[in-house]
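J.: Sequences and hints are given; from them, build the entire structure.
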Amino acid sequence: GHAQQQQQRLNHANRARDTKRLKEGCSPATINRELSLVQTLLGFAASMNVVTPNPPIKFTAGRNKAASLKMKERRGKLRWLRPNEEARLLNSLANAADERSKDQSAIDAYELTMFLLDTGCRYGEVAYTLWSQVDLEAGTFNPYRDKVDNESILTLPQRTLRMLRDRKETMKGLGYSYVFPALKGKR
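Just so you know, the numbering used here puts 167 at position 167 of the sequence shown, and the rest follows in order with no gaps.
One or more of the hints may lead you astray.
[Stated by the list, open to error] In silico DSSO-like pairs for lysine-lysine, Cα to Cα no more than 27 Å straight-line:
id, residue 1, residue 2
1, 77, 20
2, 20, 72
3, 23, 72
4, 72, 147
5, 168, 102
6, 77, 147
7, 23, 77
8, 20, 102
[Said to hold, decoys possible] What follows is a list of derived Cβ distance ranges for each label pair:
id, residue 1, residue 2, range
9, 99, 130, 25 to 33 Å
10, 86, 22, 34 to 42 Å
11, 42, 96, 41 to 49 Å
12, 53, 90, 47 to 55 Å
13, 96, 24, 36 to 44 Å
14, 180, 87, 16 to 24 Å
15, 182, 122, 17 to 25 Å
16, 48, 72, 29 to 37 Å
17, 158, 123, 44 to 52 Å
18, 104, 83, 25 to 33 Å
These are computed hints drawn from the structure, not numbers from a lab.
The C-beta atom is built at its ideal place from N, Cα and C for all residues, glycine as well.
T.: Following this line, the structure appears as structure tokens:
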């Protein structure tokens with residue numbers, strides 16, 4: 001019926017739009033971001049009681065097939081730092097920390113980067129690390145992983161363990177419960 005014809009027109013329009021935008025050099029990810037913007041703007045317009053399309057464009061598969069508006073994106077290329085790149089990064093941050101020895105943020109940047117590189121944790125997992133999650137005697141770190149909703153125990157490399165011991169000693173008596181207390185967050 002009418003819904004099927006409407007869906008066929010929508011599918012035809014999508015293919016035409018996608019072909020045109022792809023020929024212009026846009027990637028599927030770019031097209032998807034544009035669609036997300038349109039979706040957000042339509043939602044905002046509706047919330048402001050501004051005239052919106054009738055029937056409304058629905059972007060979720062649960063309501064109709066308009067979810068096919070989104071294009072399939074290629075997975076991003078996963079890449080690790082090479083050992084020489086890691087060394088250059090840490091050397092650069094260490095030099096900045098030495099040059100600005102009174103600037104705690106330069107020291108934090110170096111130490112936080114080392115911690116991230118050596119643990120493979122996400123920024124949010126490290127930014128909110130409590131000293132109670134670090135066992136300096138056993139040389140382990142027990143992060144909570146929000147994304148997968150679990151905890152794990154990581155054995156820390158010697159350089160990170162040395163850094164954390166020095167950091168704890170430096171922070172002694174200041175009453176900080178966070179390993180990196182200067183980092184601002186929502187928790």
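J.: Does each hint fit the structure? Answer for all of them.
T.: Consistency of the hints with the structure:
1. Between residue 77 and residue 20, the direct Cα distance comes to roughly 26 Å. Compliance with the 27 Å bound is thereby established for this hinted pair.
2. Proximity of residue 20 to residue 72 is assessed by CA-CA distance (about 16 Å); at most 27 Å being required, the pair is judged to hold.
3. Restraint check for residue 23 and residue 72: satisfied, since their Cα atoms lie roughly 16 Å apart, inside the 27 Å limit.
4. Between the alpha carbons of residue 72 and residue 147 the distance comes to roughly 23 Å, so the proposed pair stays at or under 27 Å and holds.
5. Between residue 168 and residue 102 the alpha-carbon distance is near 17 Å, which keeps this suggested pair within the 27 Å criterion.
6. In summary, the hint linking residue 77 to residue 147 is supported, as the alpha carbons are separated by about 20 Å, within the 27 Å threshold.
7. About 23 Å separates the Cα atoms of residue 23 and residue 77, which keeps this hinted pair within 27 Å; it holds.
8. For the given pair, residue 20 sits about 55 Å from residue 102 by alpha-carbon distance, which is inconsistent with the 27 Å threshold.
9. In this structure, residue 99 and residue 130 meet the distance hint of 25 to 33 Å, their C-beta atoms being roughly 30 Å apart.
10. Separated by about 37 Å at the C-beta atoms, residue 86 and residue 22 satisfy the suggested range of 34 to 42 Å.
11. A beta carbon spacing of about 46 Å between residue 42 and residue 96 agrees with the range 41 to 49 Å that was offered as a hint.
12. Checking the proposed 47 to 55 Å range against residue 53 and residue 90 shows it holds: the Cβ atoms sit about 53 Å from each other.
13. Our hint of 36 to 44 Å for residue 96 and residue 24 holds, since their Cβ atoms are close to 42 Å apart.
14. Between residue 180 and residue 87 the beta carbons are some 22 Å apart, a value that agrees with the proposed interval 16 to 24 Å.
15. Residue 182 and residue 122 have their C-beta atoms about 18 Å apart, which keeps the hinted 17 to 25 Å range intact.
16. For the pair residue 48 and residue 72, the beta carbons lie near 33 Å from each other, so the given range of 29 to 37 Å is met.
17. Hint check: residue 158 to residue 123, Cβ distance near 23 Å, so the stated range 44 to 52 Å is violated.
18. The beta-carbon spacing between residue 104 and residue 83, approximately 28 Å, falls within the hinted interval of 25 to 33 Å.
In summary, the numbered hints that this structure violates are 8 and 17.
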